Structure formats: C-alpha cells, structure tokens
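Chemist: Sequence:
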Amino acid sequence: LSAWFLGIKKPKVIFKTWTLMGISHIIIVLLFTNYFNTKLNGIGYATIISQWISLIYIITEIPVNLKKINIKLTIYKLLPKKEIMFLGSSFGDLMIRTLLLQTVYLVTIYISSRLGATALASNGIFLQLIFFSFMTIDGPTHASAPLIGEYIGSKKIKKFKSIYDNALVSAAFTGLVFTLIYLTLGKNLINLITNIETVRLESYKYIMIISIIPFISSLAFQLDNTFSGMLKTKEMRNTVLYSTIIFLLLAYFLTKLWGNYGLWISHIVFLSLRGILLKNCLNKYLKNLT
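Counting in my numbering, the sequence shown runs from 369 upward without gaps.
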C-alpha cells in the first residue's frame, strides 16, 4: 500500500501512516508497561496493535485518495503483455528485497533473544527508536521518488540531480537531528518507554552506538527511493542481497566477540554498505547516460 501511494504521488499518506505507527507504539508501550504491568510482553503487544492501527488507517485512505484523483478501479482494461512482464519482474525483485530486509530484522530479534530477555527488551526499544527516525528520514526521500522517475524518463539530468541533491541534504539533515536528539536525550526517551530498571540500565550502555544509525542510514534511504523512482529494482535487490550476506557474517562473528555491541556494529555496516553500493550503481548509470 505504501508503494501504491508513492506511485500516485501521495507521500504524505505514507509519512502519516508511519508516524501513526511510531507514536501509537510509544503510547501503547507506556500504557501496558506502566499501568497494566505487562512488563516485557507489553512491548510485543504494543508492536502488534500499532501495526494494526496503521494498517487500518492506510486502508481508509484508499477510497479518499481515489476520489480526489478521480480514478475508478476496473478489471476490463489490462496492461500490454510487455508491461505486465516488467511489473512482474519488478515485483519479484522488490519481494526478494523485502524478504531480505525482514531477514535482517528477524535475525536481530533472534540474536537478541540469545543474548537474554533483558537484551531482547532493550533492542526492542532501540528498534522502535530507529524505525521512528527512519519514518521521518524517509519523508523527503519518498517525496522525491516520483519526480526523479519523471526527470530520468525525460532525460532531464540537471533537474534530476537537483531533486536528488536536495532530497539527500534533507534526509541527511533529518538523520543528523535524530542522531543529536538520541545522543542528548536518549536516556530520557528510554525512561519514557520503559520503567523496568534492568532494561533501562542495559539500554544506557548502547545509546551512543545506536545514536549514529539515523545519520548513517540517510544515504541508503535516499538512494533506495531514487532507484525506486527510476524503476531500477534489480539494483535495489542486488545491493540488499550483498549487504545482507555481509550483515549475517558480521553478526555471527562479532556477537561472539562483543555481544550486543557486535550486533549493532553489524547493523551500521549493513546500512552503510547499502548506501555505498547503491551510490556506485547510480554513478555507473549516470555515466552511461552522458
């Protein structure tokens, strides 16, 4: 659904959906842990409920936006075979990419559980803080994708570069703001989310390394949406594949050496590598155009 709203140039709906998920998650965590005494289970309940809330919201936006842009759904007009094949190939690439990203997430949860219940709860908090920053960073990058696709399609390279540069600066600035917020207010945010002292103390150890993730991720987010706008899904798939392989290898070895620190170092390398590989692909693509 997020991809569909991006395609019809409605990035605000995506931003509102992810913001709703992040804010509702924090509120529900506070309710469950502070008032219903569900302890660590409350974080899991909050994750499920907030995702359902955001899903219901984005579904309700479909008829509203269809009416605004005067689109009527019909099954009578099919795309040409060539375009259907292209869409099928793109869908396959994006599905593989999504499965790989989910693999990174699930492996993170699995390794966290192996490190103990306290580490699992602590990393759950960090994942929510990170995802919340990702939602905001993704705003300007999502908004740029339709324009990037339009300018690349019409070979307006100067306009493409202008949109790309502006979106990248916006994403990097947003990431830097979150990095500074987490560095300065990280402990306060942790205390707000959980009242379990052992989880708080465990989380304090890693707030420094977690804080740099929003800024580090900004390049990967901008380039991911750039390639999405250009419909270059093969490159998106391959770069995530290579980055995931490196992540899995690093996570296996570094957690044996440095525990939870090793896990988050692996995440930083994963996000950095995605950005570097996509940047290399973009440079090659633009070189072939000129």
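If you are wondering where the hints come from, they were derived from the structure by calculation, not from laboratory data. On a predicted model such as this, the values are computed, not experimentally measured, just so you know. Watch out, some of these pointers could steer you wrong.
Derived DSSO-like pairs (lysine-lysine); straight-line CA-CA distance at most 27 angstroms [said to hold, decoys possible]: (1) Lys523 with Lys450; (2) Lys652 with Lys380; (3) Lys652 with Lys527; (4) Lys602 with Lys524; (5) Lys555 with Lys378; (6) Lys523 with Lys652; (7) Lys652 with Lys524; (8) Lys600 with Lys529; (9) Lys380 with Lys436; (10) Lys647 with Lys529; (11) Lys450 with Lys524; (12) Lys655 with Lys573; (13) Lys450 with Lys380; (14) Lys435 with Lys527; (15) Lys527 with Lys378; (16) Lys624 with Lys526; (17) Lys523 with Lys647; (18) Lys378 with Lys435; (19) Lys600 with Lys523; (20) Lys529 with Lys652; (21) Lys526 with Lys647; (22) Lys378 with Lys524; (23) Lys526 with Lys600; (24) Lys600 with Lys450; (25) Lys600 with Lys655; (26) Lys527 with Lys600; (27) Lys450 with Lys384; (28) Lys378 with Lys573; (29) Lys555 with Lys655; (30) Lys384 with Lys524; (31) Lys573 with Lys380; (32) Lys526 with Lys652; (33) Lys647 with Lys524; (34) Lys600 with Lys378; (35) Lys380 with Lys555; (36) Lys526 with Lys555; (37) Lys526 with Lys378.
Chemist: Now tell me, hint by hint, if it's right for this structure.
Modeler: Consistency of the hints with the structure:
Of the pairs offered as hints, the one joining Lys523 and Lys450 holds, with about 22 angstroms between alpha carbons and a cut-off of 27 angstroms not exceeded. Distance restraint check for Lys652 and Lys380: the Cα-Cα separation of roughly 31 angstroms exceeds the 27 angstroms cut-off, and the hinted pair is therefore not satisfied. With a CA separation close to 18 angstroms, the supplied pair Lys652 and Lys527 stays within the 27 angstroms bound. For the proposed pair Lys602 and Lys524, the alpha carbon gap of about 23 angstroms is at most 27 angstroms, so the pair holds.
For the given pair, Lys555 sits about 35 angstroms from Lys378 by alpha-carbon distance, which is inconsistent with the 27 angstroms threshold. Restraint check: the Cα-Cα separation between Lys523 and Lys652 comes to about 16 angstroms, which is no more than 27 angstroms; the hinted pair holds. Taking the CA atoms of Lys652 and Lys524, the gap is near 17 angstroms; set against the 27 angstroms cutoff, the hint holds. Taking the CA atoms of Lys600 and Lys529, the gap is near 17 angstroms; set against the 27 angstroms cutoff, the hint holds.
The hinted pair formed by Lys380 and Lys436 meets the criterion: a straight-line CA distance of about 14 angstroms does not exceed 27 angstroms. Using a Cα cut-off of 27 angstroms, the hinted pair Lys647 and Lys529 holds, with the two alpha carbons roughly 13 angstroms apart. Between Lys450 and Lys524 the alpha-carbon distance is near 25 angstroms, which keeps this suggested pair within the 27 angstroms criterion. For the proposed pair Lys655 and Lys573, the alpha carbon gap of about 45 angstroms is over 27 angstroms, so the pair is violated.
Distance hint between Lys450 and Lys380 is unfulfilled; the C-alpha atoms sit about 31 angstroms from each other, more than 27 angstroms. Distance hint between Lys435 and Lys527 is unfulfilled; the C-alpha atoms sit about 31 angstroms from each other, more than 27 angstroms. For a cut-off of 27 angstroms, the pair hint linking Lys527 to Lys378 stands: about 21 angstroms separates their Cα positions. For the hint pairing Lys624 with Lys526, the CA-to-CA distance comes to about 48 angstroms; that exceeds 27 angstroms, so the pair is violated.
Restraint check for Lys523 and Lys647: the C-alpha separation of about 19 angstroms stays at or below 27 angstroms, so the hint holds. About 13 angstroms separates the Cα atoms of Lys378 and Lys435, which keeps this hinted pair within 27 angstroms; it holds. Between Lys600 and Lys523 the alpha-carbon distance is near 15 angstroms, which keeps this suggested pair within the 27 angstroms criterion. With a C-alpha separation of about 14 angstroms, the suggested pair Lys529 and Lys652 falls inside the 27 angstroms cut-off, and the hint holds.
Straight-line distance between C-alpha atoms of Lys526 and Lys647 comes to about 17 angstroms, which keeps the hinted pair within the 27 angstroms bound. In summary, the hint linking Lys378 to Lys524 is supported, as the alpha carbons are separated by about 23 angstroms, within the 27 angstroms threshold. For the hint pairing Lys526 with Lys600, the CA-to-CA distance comes to about 19 angstroms; that is within 27 angstroms, so the pair holds. A distance of roughly 16 angstroms separates the Cα atoms of Lys600 and Lys450; the hinted pair therefore holds under the 27 angstroms criterion.
For the given pair, Lys600 sits about 15 angstroms from Lys655 by alpha-carbon distance, which is consistent with the 27 angstroms threshold. A distance of roughly 19 angstroms separates the Cα atoms of Lys527 and Lys600; the hinted pair therefore holds under the 27 angstroms criterion. For the given pair, Lys450 sits about 35 angstroms from Lys384 by alpha-carbon distance, which is inconsistent with the 27 angstroms threshold. The straight-line distance between the Cα atoms of Lys378 and Lys573 is roughly 40 angstroms, outside the 27 angstroms bound, and the hint therefore fails.
Taking the CA atoms of Lys555 and Lys655, the gap is about 46 angstroms. The hint is violated against a cut of 27 angstroms. Straight-line distance between C-alpha atoms of Lys384 and Lys524 comes to about 31 angstroms, which puts the hinted pair past the 27 angstroms bound. For the suggested pair Lys573 and Lys380, the alpha carbons sit about 36 angstroms apart, so the restraint of at most 27 angstroms is broken. Of the pairs offered as hints, the one joining Lys526 and Lys652 holds, with about 16 angstroms between alpha carbons and a cut-off of 27 angstroms not exceeded.
A distance of roughly 19 angstroms separates the Cα atoms of Lys647 and Lys524; the hinted pair therefore holds under the 27 angstroms criterion. Our distance criterion of 27 angstroms between C-alpha atoms is met by Lys600 and Lys378, whose separation comes to about 20 angstroms. Distance restraint check for Lys380 and Lys555: the Cα-Cα separation of roughly 30 angstroms exceeds the 27 angstroms cut-off, and the hinted pair is therefore not satisfied. Pair hint Lys526 plus Lys555 does not hold up; C-alpha atoms about 44 angstroms apart against a cutoff of 27 angstroms.
Distance check on the hinted pair: Lys526 and Lys378 sit about 24 angstroms apart at the alpha-carbon level, within 27 angstroms; holds.
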